[in-house]
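Enquirer: Going by our numbering, the residue at position 512 of the first sequence is 512; the numbering climbs one at a time, nothing skipped.
None of these hints come from the bench; they were simulated from the model. Here a beta-carbon is modelled for each residue, glycine too, at the ideal position from N, C-alpha and C. Hints may be right or wrong, so weigh each one.
[Stated by the list, open to error] Here are the simulated distance ranges between beta carbons: (1) 396 with 448: 38 to 48 Å; (2) 356 with 379: 27 to 37 Å; (3) 465 with 378: 23 to 33 Å; (4) 555 with 23: 33 to 43 Å; (5) 23 with 234: 24 to 34 Å; (6) 357 with 379: 20 to 30 Å; (7) 138 with 498: 37 to 47 Å; (8) 261 with 171: 43 to 53 Å; (9) 237 with 498: 25 to 35 Å; (10) 86 with 129: 35 to 45 Å; (11) 486 with 11: 50 to 60 Å; (12) 281 with 253: 39 to 49 Å; (13) 555 with 357: 35 to 45 Å; (14) 78 with 465: 47 to 57 Å.
[Claimed, not checked] Calculated lysine to aspartate or glutamate pairs in the DMTMM-like style (CA-CA distance at most 20 Å, straight line): (15) 339 with 314; (16) 469 with 391; (17) 272 with 535; (18) 456 with 364; (19) 118 with 77; (20) 469 with 539; (21) 118 with 154; (22) 558 with 327; (23) 427 with 398; (24) 121 with 37; (25) 469 with 533; (26) 386 with 367; (27) 456 with 443; (28) 272 with 79; (29) 427 with 375; (30) 381 with 397; (31) 381 with 289; (32) 469 with 535; (33) 118 with 180; (34) 274 with 37; (35) 178 with 104; (36) 121 with 248; (37) 178 with 96; (38) 555 with 533; (39) 75 with 361; (40) 144 with 131.
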Amino acid sequence: MTNNDTKPATDFIRSTINAHNQSGRFGGRVHTRFPPEPNGYLHIGHAFSICLNFGIAEEYGGLCNLRFDDTNPAKEEQEYIDAIIEDVRWLGFDWDDRLYFASDYFEQLYDYAVTLIKDGKAYVDQLSPDEIREYRGTLTEPGKNSPYRDRPIEENLALFEKMRNGEFGEGEAVLRTKIDMASPNINMRDPVMYRVLHTPHPRTGDAWCIYPMYDFAHGQSDSIERVTHSLCSLEYADHRPLYDWYLDALGIFHPQQIEFARLNLTYTVMSKRKLRRLVEEGHVSGWDDPRMPTISGHRRRGYTPEAIRNFCADVGVSRSNGVVEIEMLEYHLRQHLNKTSPRVMAVLNPLRVVIENYPDDLTENMEAVNNPEDEAAGTRKVPFSKVLYIERDDFMEDPPKKFYRLAPGREVRLRYAYFITCTDVIKDDDGNIIELRCTYDPETRGGTAPDGRRVKATLHWVSAEHALKAEARLYDRLFTKPNPEDDSEQDFTAFINPDSLEVRDPIYVEPSLADAQPGDRYQFERIGYFAVDPDSTGDKLVFNRTVGLRDSWAKLQKQKK
RNA sequence: UGGGGAGUCGCCAAGCGGUAAGGCACCGGACUUUGGAUCCGGCAUUCGCAGGUUCGAAUCCUGCCUCCCCAGCCA
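Using the sequences provided together with the hints, build the complete structure.
Expert: Here you go:
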């Protein structure tokens, strides 16, 4: 299929794991985890990490946990937890009963903190947030010790307990690790372990008013879960010394953190903050707007989990920051949809055609193939009659070179039906073409001429009398620039594509679609792949264009411009 | 200017001292009852730059350049 088969599984992560397996560091065990913070919806960048974590575990016969990094109740919500679970599952991954939350470990984490205090490795600092920042120093200047740094252990113990008991307001006290205020790595300058937050937590409610920081929670959570390989993105490389420091200081099971470059895509944005803005500022209809790079947006748009997984595997992991062209994702999308989507005929921009020599009251049911890529998909009947709709783009009164479709006097094939020849063009008073008159050759039923003559084009069509009216939502890229975040002058919203959504209503689709259900995917022949939107009602279907078919005629046109 | 990472075709990415995989994109051509799909062919004398080591370097050494990340009581 793709280079998946040929690509040697020797990227730097797998090499490291192989080395561990050789040395026996983890006894040949491979256990990973996907650790989202429930503060927003998952996007395709997360899908990359999900595929990596679950994929590697599977490859090595290991396990992957789903663990929420819910240590900041100020930003986290149950709604996001639910959505994330649904998205990871939809992508096709399973964590059995290993659904965990960092908040499940709050008591244990608290005990770990007490241990560090008792070992003289942590202290309660009562410097203000501003003072802490000042004391931290800068990138080029060392920081200096807090005046509270050398408090007696007993005092720290008492103070930390007071923090837990709610005797401090937010910003009045924090628990810090005693490491090195002069470290060239800022993360090692007495990092904060706990802060006071008088905010109820989605899961622990008001049981706590102090919450562990990421650095103090993540590694210990990995350790508690016996995770062997803690895969994270590049920006955490600077945190690895701290990750290791806590585990060593506590003397507990020590997983290996490995960092990789996250996935970026052209023509979109990938930060939760920016995605949230798109939603909150109304640039899109919601987190699951089909133009969003969220998993839920892709799902609604008609993407398949397989397409996303194949894409992620094909991109590969590395440590270099890059931006993958959206075309590569679309390639995998078409690749999978082509094999799995039933074909159907739909006319998006109708032009009425009357077959003058066809009987007025006759309806023939033409046999059509459901999926030429999959014989098991079978066939169906499509009604044909005297009055039809074809695509406006499939006719030109004065066709240029290389335009093979219908034109005055020209004969083409109507897919699965007859050869027709255009005999007349009907226009309104303004000169707009409103109807075509054609004749058909009864000998060509099914699409082949007994005399062996050929036509250059095959058009899709729909019977006017039998067609169903529906709505089509045609999506284009959300941004006009490949890297909308690149501009130093303008906000990324300045590059939102004003034409990213075009609604066509009505469109005409063949009657076999009458029972289509939300989520069903089809290929509208010669046009593209479409998925039924949840907005569909009993009497009106709404189709989202997932992605267009490759179109060499359109490409030719583009080149001319 | 401190620390951490990265620089191989337009994009992603193999390569780990023996003379530049693969995929996407692009360009040709074949085939075609989707101008779809499929198939065939083309597409880096060169690996950020400059030196050096070596019979031989993208791979080793030295220096330089560029880009990304870090100064949240965010993750």
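Enquirer: So, for every hint listed, does it hold in this structure?
Expert: Taking the hints in turn, this is what the structure says about them:
1. Separation of residue 396 from residue 448 is about 25 Å and departs from the stated range, judged on CB atoms against 38 to 48 Å.
2. Roughly 29 Å separates the CB atoms of residue 356 and residue 379, a value that falls within the hinted 27 to 37 Å.
3. Under the hint 23 to 33 Å, the C-beta atoms of residue 465 and residue 378, about 25 Å apart, fit the expected range.
4. The beta-carbon spacing between residue 555 and residue 23, approximately 53 Å, falls outside the hinted interval of 33 to 43 Å.
5. Under the hint 24 to 34 Å, the C-beta atoms of residue 23 and residue 234, about 25 Å apart, fit the expected range.
6. Checking the proposed 20 to 30 Å range against residue 357 and residue 379 shows it holds: the Cβ atoms sit about 27 Å from each other.
7. Taking 37 to 47 Å as the suggested C-beta distance range, the pair residue 138 and residue 498 conforms, at roughly 43 Å.
8. For the pair residue 261 and residue 171, the supplied restraint of 43 to 53 Å is violated, since their beta-carbon distance comes to about 35 Å.
9. For residue 237 paired with residue 498, a C-beta distance near 40 Å fails the hint of 25 to 35 Å.
10. For residue 86 and residue 129, the hinted distance range of 35 to 45 Å is satisfied, since their beta carbons lie about 37 Å from each other.
11. Between residue 486 and residue 11 the beta carbon distance is about 27 Å. The supplied range of 50 to 60 Å is therefore violated.
12. Between residue 281 and residue 253 the Cβ separation comes to about 45 Å, which falls inside the hinted range of 39 to 49 Å.
13. In this structure the hint that residue 555 and residue 357 lie 35 to 45 Å apart at CB holds, the actual value being about 36 Å.
14. In this structure, residue 78 and residue 465 meet the distance hint of 47 to 57 Å, their C-beta atoms being roughly 51 Å apart.
15. For the hint pairing residue 339 with residue 314, the CA-to-CA distance comes to about 18 Å; that is within 20 Å, so the pair holds.
16. For a cut-off of 20 Å, the pair hint linking residue 469 to residue 391 stands: about 15 Å separates their Cα positions.
17. A C-alpha spacing of about 26 Å is found between residue 272 and residue 535, which places the hinted pair above 20 Å, so the restraint is violated.
18. Straight-line distance between C-alpha atoms of residue 456 and residue 364 comes to about 24 Å, which puts the hinted pair past the 20 Å bound.
19. In summary, the hint linking residue 118 to residue 77 is not supported, as the alpha carbons are separated by about 34 Å, beyond the 20 Å threshold.
20. Between residue 469 and residue 539 the CA atoms are separated by roughly 9 Å; this keeps the pair inside 20 Å, and the hint holds.
21. Only pairs whose Cα atoms come within 20 Å are accepted, and residue 118 paired with residue 154 is accepted, the gap being roughly 8 Å.
22. Pair hint residue 558 plus residue 327 holds up; C-alpha atoms about 17 Å apart against a cutoff of 20 Å.
23. For the hint pairing residue 427 with residue 398, the CA-to-CA distance comes to about 14 Å; that is within 20 Å, so the pair holds.
24. Proximity of residue 121 to residue 37 is assessed by CA-CA distance (about 28 Å); at most 20 Å being required, the pair is judged violated.
25. With a CA separation close to 15 Å, the supplied pair residue 469 and residue 533 stays within the 20 Å bound.
26. Only pairs whose Cα atoms come within 20 Å are accepted, and residue 386 paired with residue 367 is accepted, the gap being roughly 17 Å.
27. Distance hint between residue 456 and residue 443 is fulfilled; the C-alpha atoms sit about 18 Å from each other, no more than 20 Å.
28. At most 20 Å may separate the alpha-carbon atoms for a hinted pair to count; residue 272 and residue 79 meet this at roughly 15 Å.
29. For the given pair, residue 427 sits about 43 Å from residue 375 by alpha-carbon distance, which is inconsistent with the 20 Å threshold.
30. Note on residue 381 and residue 397: the hinted pairing is violated, with a Cα-Cα distance of about 31 Å set against a maximum of 20 Å.
31. For the given pair, residue 381 sits about 34 Å from residue 289 by alpha-carbon distance, which is inconsistent with the 20 Å threshold.
32. With a CA separation close to 15 Å, the supplied pair residue 469 and residue 535 stays within the 20 Å bound.
33. A C-alpha spacing of about 18 Å is found between residue 118 and residue 180, which places the hinted pair at or below 20 Å, so the restraint holds.
34. For the hint pairing residue 274 with residue 37, the CA-to-CA distance comes to about 16 Å; that is within 20 Å, so the pair holds.
35. A threshold of 20 Å between alpha carbons decides the hint, and for residue 178 with residue 104 the separation of about 26 Å lies outside it, so the pair is violated.
36. For the suggested pair residue 121 and residue 248, the alpha carbons sit about 12 Å apart, so the restraint of at most 20 Å is met.
37. Taken as a hint, the residue 178 and residue 96 pair is broken in the structure, with Cα atoms around 39 Å apart against an allowance of 20 Å.
38. Of the pairs offered as hints, the one joining residue 555 and residue 533 is violated, with about 28 Å between alpha carbons and a cut-off of 20 Å exceeded.
39. The suggested pairing of residue 75 with residue 361 is violated, with an alpha-carbon distance near 65 Å, which exceeds 20 Å.
40. A threshold of 20 Å between alpha carbons decides the hint, and for residue 144 with residue 131 the separation of about 11 Å falls inside it, so the pair holds.
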